[in-house]
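Novice: Build the full structure now, drawing on both the sequences and the hints.
Top to bottom, those sequences are chains A, B and C. Number 622 in numbering that gives the first Met the number 0 belongs to position 623 of the first sequence; there are no gaps in the numbering. Number 235 in numbering that gives the first Met the number 0 belongs to position 236 of the second sequence; there are no gaps in the numbering. Number 6 in numbering that gives the first Met the number 0 belongs to position 7 of the third sequence; there are no gaps in the numbering.
Be a bit skeptical, because a hint or two may be false.
As the list claims (entries may be wrong) - Distance ranges between label pairs, derived from CB positions:
hint	chain 1	residue 1	chain 2	residue 2	range
1	A	ASP613	B	ARG206	24 to 32 Å
2	B	LYS45	A	GLU608	52 to 60 Å
3	C	ARG142	A	GLY32	22 to 30 Å
4	B	ARG206	A	MET605	29 to 37 Å
5	A	GLY32	C	HIS71	34 to 42 Å
6	B	PRO268	A	MET605	39 to 47 Å
7	B	ASP146	A	ASP613	41 to 49 Å
8	B	GLU33	A	ASP613	17 to 25 Å
9	C	HIS71	B	GLU33	36 to 44 Å
10	B	LEU174	A	LYS315	32 to 40 Å
11	B	LYS159	A	ASP613	37 to 45 Å
The set of hints was computed from the structure by calculation and includes no laboratory data. We put the beta carbon where it would ideally sit given N, CA and C, even for glycine.
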Amino acid sequence: MQRIGVFVCWCGSNIAATVDVAAVSDTLKNEPGVVFSTNYQYMCSESGQNILKDAIRDYQLTGVVICSCSPRMHEATFRKAAAAAGLNPYMVEIANIREQCSWIHKDKAAGTEKAIILGRAAIAKVHLNAPLTAGESPVTKRALVIGGGIAGIQTALDIAEAGFEVDIVEKQPTIGGKMTQLDKTFPTLDCAACILTPKMVDCAQNENISIYAYSEVEEVKGFVGNFHVKIRKKARYVDTTKCTGCGLCTEKCPVKKVSNEFNLGLDNRRAVYIPFAQAVPKVATIDADHCNMLKSGKCGLCAKVCTAGAIDYKQKDEIIDREYGAIVVATGYQPIALDKYDEFAYSQSKDVVTSLEFERLTNAAGPTGGTLLRPSDGTHPHTLVFVQCVGSRCEDDGRGKSYCSKICCMYTAKHAMLVREKYPDTEVYVFYIDVRTPGKNFDEFYRRAVEEYGVHYIKGMVGKVAPRADGKLMVQACDLLANEQLHIEADMVILAAAIEPDPSARHLATMLTASMDTNDFFTEAHPKLRPVESPTAGIFLSGVCQGPKDIPETVSQASAAAAKAIGLLAKNKLTCNPCVAHSDEWMCNGCSACEKVCPYGAITYMDKEFRMPDRTTAIRRVASVNPAVCQGCGACTVACPSGAMDLDGFSNSQIMAEVDAICKMK
Amino acid sequence: MQEMMIAKARELLKSGAVQRVLGWKAGEFAYDVEPAVFESAQELEKSFVYNDFCGSNLSKYLIAQSRKEGKTLVFLKPCDTYSFSQLLAEHRIVRENVYAIGIPCQGKTDGETLKGKGFTGILSAQCEGDTFTVHTLYGDKTAARADVLPERCLNCKSKKHMIYDELLGEDGEVLDSHRFDMVEKLEKMTPDERFAFWRGELSRCIRCNACRNVCPACTCEKCVFDNDASGIAQKAAADSFEENMFHIIRAFHVAGRCTDCGECSRVCPQNIPLHLLNRKFIKDINELYGAYQAGEDPDAKSPLTDYTMNDAEPGIVYHRGGNQ
Amino acid sequence: MQNEMTTFKPKIVAFCCNWCSYAGADLAGTNRLTYPADVKIIRVPCSCRVNPMFILRAFQRGADGVIICGCHPGDCHYTTGNYYARRRMTLLFSMLDFLGIEKERTRVEWVSAAEGAKFAATMNDFVATVTKLGENKRLEDLRCKK
Numbered sequence: 000m001q002r003i004g005v006f007v008c009w010c011g012s013n014i015a016a017t018v019d020v021a022a023v024s025d026t027l028k029n030e031p032g033v034v035f036s037t038n039y040q041y042m043c044s045e046s047g048q049n050i051l052k053d054a055i056r057d058y059q060l061t062g063v064v065i066c067s068c069s070p071r072m073h074e075a076t077f078r079k080a081a082a083a084a085g086l087n088p089y090m091v092e093i094a095n096i097r098e099q100c101s102w103i104h105k106d107k108a109a110g111t112e113k114a115i116i117l118g119r120a121a122i123a124k125v126h127l128n129a130p131l132t133a134g135e136s137p138v139t140k141r142a143l144v145i146g147g148g149i150a151g152i153q154t155a156l157d158i159a160e161a162g163f164e165v166d167i168v169e170k171q172p173t174i175g176g177k178m179t180q181l182d183k184t185f186p187t188l189d190c191a192a193c194i195l196t197p198k199m200v201d202c203a204q205n206e207n208i209s210i211y212a213y214s215e216v217e218e219v220k221g222f223v224g225n226f227h228v229k230i231r232k233k234a235r236y237v238d239t240t241k242c243t244g245c246g247l248c249t250e251k252c253p254v255k256k257v258s259n260e261f262n263l264g265l266d267n268r269r270a271v272y273i274p275f276a277q278a279v280p281k282v283a284t285i286d287a288d289h290c291n292m293l294k295s296g297k298c299g300l301c302a303k304v305c306t307a308g309a310i311d312y313k314q315k316d317e318i319i320d321r322e323y324g325a326i327v328v329a330t331g332y333q334p335i336a337l338d339k340y341d342e343f344a345y346s347q348s349k350d351v352v353t354s355l356e357f358e359r360l361t362n363a364a365g366p367t368g369g370t371l372l373r374p375s376d377g378t379h380p381h382t383l384v385f386v387q388c389v390g391s392r393c394e395d396d397g398r399g400k401s402y403c404s405k406i407c408c409m410y411t412a413k414h415a416m417l418v419r420e421k422y423p424d425t426e427v428y429v430f431y432i433d434v435r436t437p438g439k440n441f442d443e444f445y446r447r448a449v450e451e452y453g454v455h456y457i458k459g460m461v462g463k464v465a466p467r468a469d470g471k472l473m474v475q476a477c478d479l480l481a482n483e484q485l486h487i488e489a490d491m492v493i494l495a496a497a498i499e500p501d502p503s504a505r506h507l508a509t510m511l512t513a514s515m516d517t518n519d520f521f522t523e524a525h526p527k528l529r530p531v532e533s534p535t536a537g538i539f540l541s542g543v544c545q546g547p548k549d550i551p552e553t554v555s556q557a558s559a560a561a562a563k564a565i566g567l568l569a570k571n572k573l574t575c576n577p578c579v580a581h582s583d584e585w586m587c588n589g590c591s592a593c594e595k596v597c598p599y600g601a602i603t604y605m606d607k608e609f610r611m612p613d614r615t616t617a618i619r620r621v622a623s624v625n626p627a628v629c630q631g632c633g634a635c636t637v638a639c640p641s642g643a644m645d646l647d648g649f650s651n652s653q654i655m656a657e658v659d660a661i662c663k664m665k
Numbered sequence: 000m001q002e003m004m005i006a007k008a009r010e011l012l013k014s015g016a017v018q019r020v021l022g023w024k025a026g027e028f029a030y031d032v033e034p035a036v037f038e039s040a041q042e043l044e045k046s047f048v049y050n051d052f053c054g055s056n057l058s059k060y061l062i063a064q065s066r067k068e069g070k071t072l073v074f075l076k077p078c079d080t081y082s083f084s085q086l087l088a089e090h091r092i093v094r095e096n097v098y099a100i101g102i103p104c105q106g107k108t109d110g111e112t113l114k115g116k117g118f119t120g121i122l123s124a125q126c127e128g129d130t131f132t133v134h135t136l137y138g139d140k141t142a143a144r145a146d147v148l149p150e151r152c153l154n155c156k157s158k159k160h161m162i163y164d165e166l167l168g169e170d171g172e173v174l175d176s177h178r179f180d181m182v183e184k185l186e187k188m189t190p191d192e193r194f195a196f197w198r199g200e201l202s203r204c205i206r207c208n209a210c211r212n213v214c215p216a217c218t219c220e221k222c223v224f225d226n227d228a229s230g231i232a233q234k235a236a237a238d239s240f241e242e243n244m245f246h247i248i249r250a251f252h253v254a255g256r257c258t259d260c261g262e263c264s265r266v267c268p269q270n271i272p273l274h275l276l277n278r279k280f281i282k283d284i285n286e287l288y289g290a291y292q293a294g295e296d297p298d299a300k301s302p303l304t305d306y307t308m309n310d311a312e313p314g315i316v317y318h319r320g321g322n323q
Numbered sequence: 000m001q002n003e004m005t006t007f008k009p010k011i012v013a014f015c016c017n018w019c020s021y022a023g024a025d026l027a028g029t030n031r032l033t034y035p036a037d038v039k040i041i042r043v044p045c046s047c048r049v050n051p052m053f054i055l056r057a058f059q060r061g062a063d064g065v066i067i068c069g070c071h072p073g074d075c076h077y078t079t080g081n082y083y084a085r086r087r088m089t090l091l092f093s094m095l096d097f098l099g100i101e102k103e104r105t106r107v108e109w110v111s112a113a114e115g116a117k118f119a120a121t122m123n124d125f126v127a128t129v130t131k132l133g134e135n136k137r138l139e140d141l142r143c144k145k
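Specialist: Right, here's the structure in full:
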């Protein structure tokens with residue numbers, strides 16, 4: 000039996016005016032297990048706390064009930080005071096007789112009666128309390144950033160600046176991501192490469208940063224502060240320590256017709272290649288799918304021309320084991336495939352391109368050297384039609400996305416403006432559903448496109464693009480404001496394809512036990528207040544993997560994610576919430592129901608040997624909760640049919656004891 | 000079919016591919032068929048049966064049998080395969096230790112049903128086409144097939160096997176049954192009528208636990224009703240509340256997991272239509288969260304461990320069901 | 000007897016999640032928004048902690064109404080807890096209704112930490128509804144009512 004002390008607070012007159020505090024403490028004195036009961040003017044004051052501490056010592060109390068204000072106000076205060084007197088802080092329960100009693104009930108008799116019942120419920124709960132100790136776990140002071148685009152780069156730089164080691168894993172041969180493919184950036188029109196490549200170089204030169212390019216995350220185990228990650232470093236067939244990036248091999252390679260993914264297939268590269276001039280790391284990569292030597296053993300030209308002796312046809316994938324305290328996801332996006340959008344003739348005409356392809360076609364380092372030419376015949380286009388919201392905001396047709404891709408309005412305005420600036424002889428049409436330009440200097444930018452550059456903005460959608468034999472594209476569209484059908488003879492059509500999370504994200508989320516929404520964007524721990532953290536502790540979100548956003552927003556979020564990761568890495572030890580779930584192995588069925596509802600991935604299963612009552616041994620699958628990861632929501636306790644799962648601090652029996660005390664007849 | 004099954008079982012036992020056979024064994028009376036484990040050809044010859052009384056669902060027995068050394072051969076009717084599949088999804092059965100043979104089923108009767116139809120002194124029974132012949136002490140009597148099948152078979156949800164290693168006979172189709180008709184009828188009653196109906200049914204409960212023990216979804220290592228620490232342990236229903244609670248909690252615990260095999264109602268000695276409680280949950284789940292049948296798709300998420308952001312609010316209950 | 004009927008005071012158990020609804024109840028108190036003293040609150044970490052067993056237990060022990068309050072869907076402190084609670088409670092309430100037990104005795108309400116007024120209004124309404132229904136007879140345990 001517990002030895003319980005009851006302390007009724009007057010809170011000046013806040014409680015005492017509508018609750019007879021003396022009657023409460025006198026009545027509760029007679030409850031089973033109560034060995035001491037008193038009331039005092041201000042329990043939270045120093046002298047009030049001293050009354051508590053003295054009583055704990057003098058009466059050898061094992062449990063304490065404080066009838067006072069809300070536990071959200073002073074639970075921590077009283078727990079601390081109890082701990083100072085040598086009582087486990089989790090043996091303290093609060094009966095809220097101020098906010099939920101004296102302040103809302105005018106009738107003193109009713110208020111007093113309710114206060115007594117609330118006190119009884121707290122006493123009933125304390126009887127079943129057990130001392131809890133918050134666990135601690137160490138923190139590995141290194142971060143992993145998955146994805147080496149602008150989001151990952153910014154996060155890595157910020158973490159490295161704070162003095163922590165950070166590794167970037169990037170699946171492409173170079174870091175830089177989508178931003179390397181862009182021409183100019185809105186709303187300032189500075190060139191993407193000019194602002195990005197210095198940051199890429201910073202990454203390479205920062206001694207706290209290790210770049211694992213052409214690598215992928217293979218396996219993630221562990222939990223916040225203690226992740227164990229396997230990274231697969233794919234074979235480049237080039238010794239990166241020897242390769243100088245001179246590019247001689249890429250000029251001599253006889254396999255010339257490999258579609259160049261950096262230019263989105265608009266031109267070709269060799270089987271050995273460096274994606275672009277400012278690649279980081281600037282080393283060659285042999286494409287094993289196309290290399291003659293690797294396919295048939297006949298060639299070896301690159302090895303012959305390489306003066307550094309860097310070519311190694313026998314190279315194998317390498318698995319690297321690393322430990323991390325924090326993981327930042329920055330897996331980015333891709334434009335959706337347009338194969339279901341036949342009406343825009345994307346697969347029929349080379350002159351119908353996506354906006355990202357258009358970026359390459361206007362980029363000085365792109366396939367046309369920056370001169371805008373029609374991909375089909377290399378002529379100068381005079382009439383260009385931009386179509387917005389291709390696949391955005393249109394879930395109902397079964398092929399698009401329900402969300403707004405957010406960046407298209409601005410980059411389309413940028414494209415239209417740039418075309419008009421460079422080629423004043425062009426006519427540029429933009430078809431839109433709505434123009435959405437919230438952002439610093441964004442609306443001004445869009446208005447400039449309309450007012451100063453004479454871009455024709457037309458509210459309405461393009462119904463059909465029909466390629467004509469003479470190479471013109473017949474665009475049928477409607478102008479919703481003028482309520483008329485339009486027919487435009489265009490030379491090029493540019494589609495603002497919706498963006499979607501990188502396809503690798505879902506598999507990664509499973510490995511990380513991080514949650515995703517139905518669109519495969521990572522979900523935040525809280526959509527408003529914890530927007531850069533995943534609900535899974537120690538996993539942070541950076542960039543478009545969490546939702547569509549432009550470069551300034553991505554960089555802000557990347558720095559925010561870095562700040563959160565730094566906050567974690569700066570700790571030597573993590574203190575865990577002791578009110579966590581635990582599973583009774585003898586009752587556990589191993590059915591996985593709890594695991595499915597756990598938002599934190601805190602539950603794992605293991606096969607465990609049990610000595611059975613009949614002296615045989617049996618191997619059973621049982622759940623175990625990682626207390627460092629569990630946040631104590633209790634979803635698992637109800638999902639568990641056998642009741643094997645219970646929650647410390649809010650156990651089934653404690654809650655039922657409260658129910659009983661509240662419902663009990665007088 | 001019985002001969003084919005015995006031959007198959009003998010062959011697999013002999014080759015050592017399986018160590019034991021889980022099937023049905025003849026009892027003292029024709030309708031006394033019960034689940035049994037056979038370990039030799041002799042045992043099979045002696046008492047293995049497969050006939051119109053083999054209604055019991057063998058999948059639950061696999062939890063214990065599959066933990067034994069070696070493989071167990073099991074014969075599963077279409078509806079049993081739902082339970083087998085669900086138990087596999089819940090990691091309750093060691094799949095590698097089971098060799099499952101799917102067998103066709105045209106519905107199974109049972110002694111209770113036959114006696115209820117006025118047959119006495121039953122010696123054996125057989126069915127050909129739509130005619131059911133019962134051999135009794137007082138001579139042969141016939142009945143239409145539909146008249147001797149229990150409700151669960153008349154409203155069979157599927158003749159299709161969900162999972163098996165081998166099939167004897169033909170596989171069937173998922174059927175468009177009327178299994179929710181009775182639930183619907185109850186829903187249309189007033190709450191007072193429903194309350195009276197269920198009091199009439201549940202007050203007969205003697206808490207024999209047969210429904211729980213036979214249920215292939217009720218497989219807890221330790222049942223909450225047997226666990227003093229659970230706060231709801233009870234051995235006998237001492238009050239109408241406990242009668243209600245036992246069946247509400249039991250139905251809730253199998254909600255989203257119940258394969259609607261109907262064993263609970265079959266074994267109830269008081270003939271309480273317990274399956275209606277489970278079907279109510281299945282029907283609600285279908286209507287509120289989209290069609291779902293436990294045991295059908297092992298990769299489907301169970302509705303109670305899943306959600307969508309736009310799920311119906313609990314207040315929907317106020318607008319459904321009968322009027323006050 | 001007549002007098003007893005008119006002064007029927009229902010017993011109401013309110014399960015409130017720690018992060019939203021319990022804070023909402025506190026706010027009702029801070030703003031001195033009254034509701035009947037018949038309502039007694041039990042603090043749980045999340046609405047998904049509420050086991051159907053607790054609700055039945057409350058009715059067994061003499062409660063006349065049980066209300067569960069949690070964060071609004073989408074705002075759960077644990078991100079998904081109230082989504083599970085919503086399904087569980089919908090199905091449980093539907094089952095109680097199926098058994099002919101007055102559905103008005105159970106309720107789920109989403110109350111945020113800022114909705115003190117909503118908390119008080121909800122409780123006033125719920126108490127009024129349950130008072131009109133009268134004593135819980137259909138899910139009572141006479142042994143607990145001595």
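Novice: Confirm or reject each hint.
Specialist: Going through the hints against the structure:
no. : hint                               : in the structure
1   : A:ASP613 with B:ARG206: 24 to 32 Å : 27 Å, holds
2   : B:LYS45 with A:GLU608: 52 to 60 Å  : 37 Å, violated
3   : C:ARG142 with A:GLY32: 22 to 30 Å  : 24 Å, holds
4   : B:ARG206 with A:MET605: 29 to 37 Å : 36 Å, holds
5   : A:GLY32 with C:HIS71: 34 to 42 Å   : 39 Å, holds
6   : B:PRO268 with A:MET605: 39 to 47 Å : 41 Å, holds
7   : B:ASP146 with A:ASP613: 41 to 49 Å : 46 Å, holds
8   : B:GLU33 with A:ASP613: 17 to 25 Å  : 23 Å, holds
9   : C:HIS71 with B:GLU33: 36 to 44 Å   : 53 Å, violated
10  : B:LEU174 with A:LYS315: 32 to 40 Å : 55 Å, violated
11  : B:LYS159 with A:ASP613: 37 to 45 Å : 39 Å, holds
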